[in-house]
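Student: What follows is the residue order along each chain.
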Amino acid sequence: AQSVAQPEDQVNVAEGNPLTVKCTYSVSGNPYLFWYVQYPNRGLQFLLKYITGDNLVKGSYGFEAEFNKSQTSFHLKKPSALVSDSALYFCAVRDASSGTYKYIFGTGTRLKVLA
Amino acid sequence: GAGVSQSPRYKVAKRGQDVALRCDPISGHVSLFWYQQALGQGPEFLTYFQNEAQLDKSGLPSDRFFAERPEGSVSTLKIQRTQQEDSAVYLCASSRSSGEETQYFGPGTRLLVL
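Chains as they are written, first to last, in my numbering: chain B, 904 to 1018; chain H, 158 to 271.
Worth flagging that the hints you see were computed from the coordinates, not collected in a lab. Some hints could be false.
Listed next, the stretches of chain B that the computed footprint assigns to chain H, with coverage defined by at least 3 CB atoms under 8 Å from CB atoms of chain H [to be verified]: (1) 947-954; (2) 980-987; (3) 991-1004.
Treat the numbers as computed from the prediction; the structure is a model and nothing was measured. Each residue gets a CB set at the ideal place from its N, CA and C atoms; glycine is no exception.
Whole structure, please, built from the sequences with the hints as guidance.
Tutor: Here you go:
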């Protein structure tokens, strides 16, 4: 069965500092991995995805994530946090070998960037 | 261009009532998904359509939940005989094709069952 874990409910970081939001996954087949962001009173927005190729994926708003197969992780990173990055972040996985389009989302990590 | 829209944005229902939630995907998008998001949780997959075909309904929690997309565009999620545990935000998402993988989410419908 597929699963995603976001071990931190909340991450606090000072503006200008690097940020990391953690995600680990479990699938029996080939993982496709995603990060989405949810701002207050707005729908989820796509940030980036790993399908194949380079393990380091760059996405919107200066975010990037690294696919680590051996550690089954897909942590979201940004070199310098902005106050406007404060939001709820969701990691998601789909098992591309399963033949289904069932996406599994984590429980979310609230990022708070302090001025 | 217009994004994914959902209506109503808020719905209050008495226990036992039937409700219908509408999703208008981005024009031309082949794939459509419904999710249920409980308070403090991530979205949980309910069902998936490719055009008008419902290819996966494994996430529907009971036979009170029914979804359709008869013409391959607008979709309706219907919940019969609502229960308090159905209270959640229902999210709709669409993507260009099954191979596109990037989903575009609507703002959601917040359902409260009293």
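Student: Check each numbered hint from earlier against the structure, then list the numbers of those it violates in ascending order.
Tutor: Hint 2 contradicted; others consistent.
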